[in-house]
Structure formats: C-alpha cells, structure tokens
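Participant: Following the hints, position chains B and C against chain A.
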Amino acid sequence: MTFRAYIIRRLALLVFVILGVMAVTFVVSRVIPTDPTALYLGGGRHTPEQKAAAREALGLDKPLVVQFGLYVKDFVRGDWGNSLRTHRPVLGDIMGFLPASLELILSAMALAVVTGISMGAFAAYRKGRLADHTGRVAAIAGVSLPSFFLALVLQIVFFRVLGLLPVAGQLSISVAREYPVTDITGMVVVDSLITGNWVAFWDALRHLILPTLALAAYCAGTTMRMTRSAMLDALESDYARMAYAMGVPDRVIVGRYALKNAMAPVLTVIGLLFAYALVGTFFIEQIFAWPGLGTYATISILNLDYPAIMGVTIIVALAYVTVNLIVDLIIAKLDPRVMLS
Amino acid sequence: MEFRSLRGVVKALNGVYLTVHEREIVGLVGESGCGKTVTGYSVLGLLPKPQAQVTSGRILFKGDDLLAKPQQEMRALKGKVISMVFQDPLASLNPVFTVGEQISRVVRVHHDLEKKAALEAVRTALQATGLPPTDALLKSYPHQLSGGMRQRVCMAMAISCGAGLLVADEPTTALDVTIQMQILKLLLRLRDELGVSQILITHNVGVAAQTCDRIAVMYAGNVVEEGPTADVLKRPRHPYTLALIECLPQGKSAEQLKTIPGAVPDLIDPPAGCRFHERCAHVRDICRDTMPTPFEVARDHWTACHWVQEKSGRGVGVTTGHEPGVGAAGVPFNRDPGIEHTAGGGPATGESGDDIRRE
Amino acid sequence: MMDTTVAVRTSRFADWRARHQSGIEEARHNLHVFLRDKLAVAGLIVIVATVVVAVFAAYLAPYPEQGRGDSDMANRLQPPSAENIMGTDQQGRDVLSRVMFGARIPLVISVVVTAGVLLVGVPLGGIAGYFGGWIDEAVMRITDIFLAFPALVFAMALVAFLGASLRNVALALVITWWPWYARLVRGMAISLRERPYVLAAKTMGVSHFTIIRRHILPNAFGPVIVQMTVDVGAVILEVAALSFIGLGAKPPTPEWGLMISEGRQYILSAWWLSTFAGIAVFGLVLAYNLVGDALRDILDPRLKR
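Residue numbers (this note's numbering), protein chains in the order written: chain A, 8 to 348; chain B, 11 to 369; chain C, -18 to 286.
It cannot be assumed that every hint is accurate.
Mimicking DSSO-like on lysine-lysine, the simulated pairs with C-alpha atoms at most 30 angstroms apart in a straight line are [claimed, not checked]:
| id | chain 1 | residue 1 | chain 2 | residue 2 |
| --- | --- | --- | --- | --- |
| 1 | B | Lys126 | A | Lys267 |
| 2 | A | Lys340 | B | Lys268 |
| 3 | B | Lys195 | A | Lys267 |
| 4 | B | Lys125 | A | Lys134 |
| 5 | B | Lys59 | B | Lys79 |
| 6 | B | Lys59 | A | Lys134 |
| 7 | B | Lys59 | C | Lys19 |
| 8 | A | Lys58 | A | Lys69 |
| 9 | A | Lys267 | B | Lys244 |
| 10 | B | Lys126 | B | Lys90 |
| 11 | B | Lys149 | B | Lys125 |
| 12 | B | Lys126 | A | Lys340 |
| 13 | B | Lys149 | A | Lys267 |
| 14 | A | Lys134 | B | Lys79 |
| 15 | C | Lys19 | A | Lys134 |
The calculated label-pair distances, taken between Cβ atoms and stated as ranges, are [what the hints assert, rightly or not]:
| id | chain 1 | residue 1 | chain 2 | residue 2 | range |
| --- | --- | --- | --- | --- | --- |
| 16 | B | Glu111 | A | Val168 | 36 to 42 angstroms |
| 17 | C | Arg17 | B | Arg309 | 51 to 57 angstroms |
| 18 | C | Glu6 | B | Asn214 | 30 to 36 angstroms |
| 19 | A | Asp245 | B | Gln192 | 18 to 24 angstroms |
Hint data in this document are derived by calculation from the structure and do not stem from the laboratory.
In this text, a Cβ means the ideal position worked out from N, Cα and C, and glycines have one as well.
Chain A with its partners taken away, still in its complex shape (with noise of 0.2 angstroms):
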C-alpha cells in the first residue's frame, strides 16, 4: 500500500468515526431523554407555545434518521445550537476557550514527551541499575498520583509556603492592564512571544508552570513507562545485537537504531494521552482559574447548559481522533512495514 492509499483509507475511517460519534451524542441527548425539549429550552417552566417551537426546531415531530440528518447538517454547517447559559452559539464560545486550553495542553504534552521519552530511554540503557529503579517508581508514582490531588498540593506549596509561583488565571491583572497582550493565537504565551511583550510573556510563563507541572505528572509516567518497555524490547532485539556485532557504539544503538524503533508504540500512547490530557485540563483549570475549555465545560455541566456539553464532547471527541490520525500517519512515515497491514 502506498502512504496516499494508507491516508484516503485512514480518512475514510475518520469520516465513519465523526459519524458514530455524532449516532452517540445524538442518542444521548435526543433519545434517551424523556423530554428533549425541555433540554433544549433550559431549566424552567415553559409554555405550550416554547415547548411546540422547540419541538419544531429539533425537528422532533419526524422520524429519528431524519432527524439525525438534520442534526448533521447543522453540525457540519457549523451551527451547534446556543448555549442556555451564554445565549451565544456554542461553537463560537467553544472557540473563544479553546486556545488557552492548547496553551496548557501543548505545554504539558511537550514537558511530558521530553521527560518521558528520555527518562525511559535512559532507564532501558540502564536496565537493572539504581537510575532505572529511581525512574520506574518516580513513573509508577507519576501515574497513581490523582492530578486534581497534586494541582492542590502544588498550589500549597509554591505558593502558600514558598511564594514563588502565582495560582490563579493566564496573566496577573496589573500586568494585563499595563501590558495588554494583542489576541493573535488566543494563546497569552505564544501571542506575547510573537509581539514582543516580554513583561507579559515572562508573566504568563510563570502562571503556566504549576498546571503544566499538575497536568504532565501522568503523561510523563506513562510516557516513561512505554518508552523503556519498547526500548528494552529494542535493545535486546537481534538487529541491535548485530550492531553491538558491528561495533556501533552504544550511543547511536541506544538513541538511533532502538529509539526509532521504539516510537511505534510510545507515539501511540501519546496519542491516547493526548486525550487525557484533554479531560485532565478539565480538572486542572477548574483549580488554577485557567479560562479555558475545561472551565466551559465544568460550568456547562454545573449548569445543565445541554447544547454546550453536547458541543464539549463532540469537540473532545474530533479532536481526539484527529490526533490519533496524526500519530498513526507518523507512525507510518516511521516504519515503513505499518503499512502492509
């Protein structure tokens, strides 16, 4: 198979997926609950007449595959219903929160990968020894360590008892009145980088690192744990034999022939921890003020805001398997034999 063929058949797939994942949400709010209008007009009593226009408007009164064509089509015409607590369109709010969300998410995956990859790495290399004994509890404790749990303890001790790390929101407000960031990503780091607000960005930076940190504890361990799994196969595999035959020094064996090798499975897992990560924020957010998606969400729940919580999972959910697609199509470029199967 050719990567063209391997990515229309991955495409293809993806497609069928969004599908189901629409059938799920679709059955969710719309079937199994008693009385949908009701979802879709929010808490409260309602007239006849409500009740009957948003009958109408869900479409209610046709058949259910009809109904789920409906629902489709404004789903791909981008209109996810308006949330009941804001009045605004979901998918405008969702976007709104998002970026600083990204921010969060793409920082910890990124502290996560580098730790994770060349701690179990190096924990393979030394099989056996007191570094790979250190490394495997610190991953075991990395992964059994509630992230809510250690967000709080952080905020103990960063803050409260060494004074150092701010707690709350993207920015401190003096520095957010003083030193406005122009909205370019949405995200407070990446926008004040790019225009040069080095107060700000410097600002933003340390209000990063305790989510961060709160949020890659997990991905960190598990990141660990695969990669010195995978590696430890590599390292014992007959190719790397026949190098060590061929003199490659250790240095190139460890970090090209058997870490190449060893990308299969932990991008894999990378790619789930993505949507951990993803959930995660909703924790992490919700303690350090972080206003994004998570605070949405956690807020739309708290409230029964239904056409947000539908649009958060739908959201999660594509984003999730639009990552996965990536890691696979990386995966492939890897190791050309994925391919053939």
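Facilitator: For chains B and C alone, coordinates are given in the frame of chain A:
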C-alpha cells in the same frame, strides 16, 4: 564460561579449543544447546552481562587476548576486523532503516568518511556479496527483500570494513534449501577472493562438509574432536562424531534414520568425567569420573576420548585431580581454571594468521 | 465406608496434581518471582488492608456514625489530635472515619465496573474474534466509535444527562471501558480459533456457542484479569475525579474525591481535609499499579525479562 540463571549456574563452555588459520573456514558442529553459539558470541563479546561470566580462558586474535581488551578497543575491532552474521537475517537487520543507511552507518563508525564515500564502500561490499549495488537496493527496507538477499546484506555489512574473520552463526538455517547453497558458495567466495577466515557454526554436518576446511565437533560445552574436514568425516574417532555422522541420511536408502539415544545433559549439573559417557556406546569406567584430554590421533586431527586412546594402544592418559593428563602422542591440555598451557606440536599460538584460542 | 471415601478423595487430588504438574510448578515459580518484588508485595498488602478496612469500617472506624455522615458542628475543623488522628472536617466529622468508610466506594465500583466490562466486552470480543468476517468488522467499528470518546468526557456527558450519582458513574465507566476488553479478547480469540483443539471441536460438530464458552473465553480470562488489575487504578482515579467536579458521589457520601473537593475551600487554613483523602487515593492507586505491573511482567511472556 558460565551463565547465571534462576535455576543455577550453567557451565556452558568447559573445554573449547579452536584454531582458525588465515583463509580457512572452520566448522563448529554439534546438536543444539552444545555451546556452538555461545562460543561464537564470546569471540565478539556479545554475551549478556552480568549473567554471563567468562571464568577462565583466553581468546587470542593474532596474539592479543580479546577477553583482556578494554571495551573501547574491542568495539573498534568488532565489525572492522572480526564480525558476525546471524541465523535470522530479517531480525538482524534494523526494520526502520534502509539497507544503505544501516551499512553506511557501520562503515562510518570505523572509517572517517563522508556520506558519499561511505556509500561507495557500501556498494563495493554489496557487490562482493553478489548483490547489485543499485540505488534501488540501497533505498529498500529489509522487509522488501527476499530471505537470501537479506542474508547477503548482512554479509555485506559484516565485510564492509574489511573484516578478516567472520563468525557465521547458522547463516543458512532460516533459508530455503536452494538459497542455502548460494549462501554457502558465497562463504567460499569470501574466503577465496577476499581472504576472509570464518567460523561457520552449524548443526548440519552436511553444510560443514561442503564448506569447511576443518571441522570442530562440540558436545555439551566441549570440543570433542577437531581436524581436517575430510579426515574427520571419513575417519571419525570420537563416538559422538561417529553417531552424528551415522544420523545423516545415506543416499536413497529408505531405511529409518538413526538417532542418538538420550539428550544433551543439563549443564547446571553436568555429569562427572566425560560429558558424553551417559549416551556413549563405548563407555569405560574411567569415562565416568575422569574428563578425557584431547590428543592427536592423526596429523592435525585431535580428539578427547578415553576409548579411542585405549584402542589406539598408546596407553591411557590418566588424569587425577587437577593434574593435566598426558597422552603418549597427545599434547596435554589443561582445563584447570586460570592456568593457560601452550605446548608445541599441536595447533598453537604463534603460527601465522588469525589464531583463536579458547579454553 | 468412611475410609473408601477418603481414599477416593486423596487419589483424586493426587490425580489432579499429576495432571496439572507443570501448571502447579509454573504457578509456584510465578509466586516466587512475585514475592521477590518487594514493592508489589507492599502493594498487595495495601490492597488487602483496604479491603479489610472497607468491609469492617463500621467496627474499625473510631466514629462510625460520623463516618456515615452524622455531623458534630461543635467540633468543626479541628486539626489532627489524639481524638481525631486526621482532624475533623467542616461539619466536625472525624476525617479518619470518613477516609475508612470511603474505602468502600472504590472497592464496590471496581467490582461493578469489572463485572460489567466482563459481561459486555469479553463476550463481544470473543464472538468478533472467533467468527471474523462481517461480525468482527461490525464489532470493531463500534469499538472505534466508543474509543473516540476520551472516557471521562463521555462519562461527563452521560452523567450530566442521567444525573450525578455513583451508579451512573459506574455505568459510564463500563460504557467507556468495554471496547478495550473487547479488543483484547478479540485478539486472543483470533489466535485461539486456529488452535488444533478448536478445529477438532469444530469438525466434531460442537456448536459455536459451546466452543466459545469452553475454549475461547477461559483462555482469554488470564490476560483480562491482568489487564483489570492494571486498570483498576485508573478506574479509582476516574471515580475520584468525577466526584471531585461534582458528577459522582453526593454529600454526605464519604467519597475520597468529593472529600478533596470539599476540603479545597479550607485548603489554606485546614490542610488535613483534602490531604488525607488525597493520600488515600494515591496510596490505593499506587498499590494497584505496583501489583498490576508485577502481574503483567510475570504473565505476559513478551514482557518477561
């Protein structure tokens, strides 16, 4: 040579004495589990540490003891002067690098060359193994090649830096019969055209007969017989060699194939005396408690067997305790850990060419 | 008469031992390897201790009534002392008693989720792998769809619509976890269906249902149990996380995640509220992960080293 395992210490190699001269292919034959591969690995320092321990002995290469060499020096030798090919060529090649990438990597480890110059060396090596040195081959991945081509690629990698000694561990076992012949011919060509000495590890006496100048038969960690191929196969002396040759299919006869009764002993707790005595048809009392020492039965033909020694009527080499045994015409070999004994008359160090000595 | 019965029994036992000789030896070897892993043994001790505490919380807890939810407003937010080793919470309840009663929830939920996943994922995976073809294709595409939802997000959506309760949390977890097990069992079934004894059973006309029940599922059981042990830690984390944001347990349930959440507003003045509940979650999850890791190393031959 010992392995530390969960069940106990495996005394994998005990008496291995092997000499490879220049432009010579020496076959190392025996059943699986008798230590052939371990011998090959120990030459290249490939045994897993810390489980594997060489408790005594030397491996001499052109007079230098490889076991005493620091790791860094050993690494410089591996691939450049001594190299190895393995049984499974697909697994031996890195699946995510192209043929050109992996061979040129080895070339550049040992020679300070630009990428282009290294690729030229790769092409030369490929050509020497009978592969077309085309860009298409350089850019292909191992899984895209046939089994025979893969093994040739492995060999090209092994000789790409001009190695003088090649350890080939069952290089034909994973291949089709038709391809096996081609690879064996390639081994001969490497010997004749490039002067590569080789240790060919095989369980197949037929393969060894076709390819090797000399044969060493291993049993349970010992070399029990060693000599020129024709001599060993036509006039085998050791009962184990005899049995091994009797197991070969003879011509077209439909009679049932012979087998050697019993199995290779457990090397955690090897039998006392001769390690073959439990399966030997000619077992003597002495075999049960005394390890036989090799002696020369014909020119350059050695064996370690009490029965042969007794039969040849030249007196029995008696060994007691840790004293080296002395055979009338044989050269004493000392198996006592830590003491190295070199005597004249036998295949010994100091001769011209590559010399590997292992005890 | 008595004697005969006894004799039959012993010989049966001896017979059983003889037939399972290699299995017994392997189990003994595995146990030996496991016991050498001190961290895993420590994890096992923690798990067993938690189970004991959960079952006998009513007898072990110093203030069982407070553990269940009775408040003692006169005694609010007391720091750890001899009477209240872990202090008291915002309603004057003994934190230690609450933490002990809290051990019941992860225990019950993990049993329920395990059972649910076994009932849904294992048979579906077995059927898909055994029959192959369009059945396999259909089941696998369904798992693709469910795997597209990060577990917690789906759980959030579901709980948001069905209402917040531990029962709905368990349901949501089953719905999001079963596809992993279906895939695991499917992989096993595909390799098992070509085994000689399965082919032999087929040629003898044994029904598909019987083959799946007798040959496929029992063999897939081991890996599933190991995966479960590895995953229980994650299940406990998710239950605590959902309760933390108000989608799981409702007050006054002594749920650890909920306790961390309730303690949050007092975190600067009364650190003990969140801290001990957090340590409880961390400790139990860590214990499961340590045991799961050790089990996987022993039972997954590919990872054996």
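Participant: Looking back at the numbered hints, which does the structure fail to meet, lowest number first?
Facilitator: Numbers 2, 3, 4, 9 and 16 - these are the hints that the structure violates, sorted from lowest upward.
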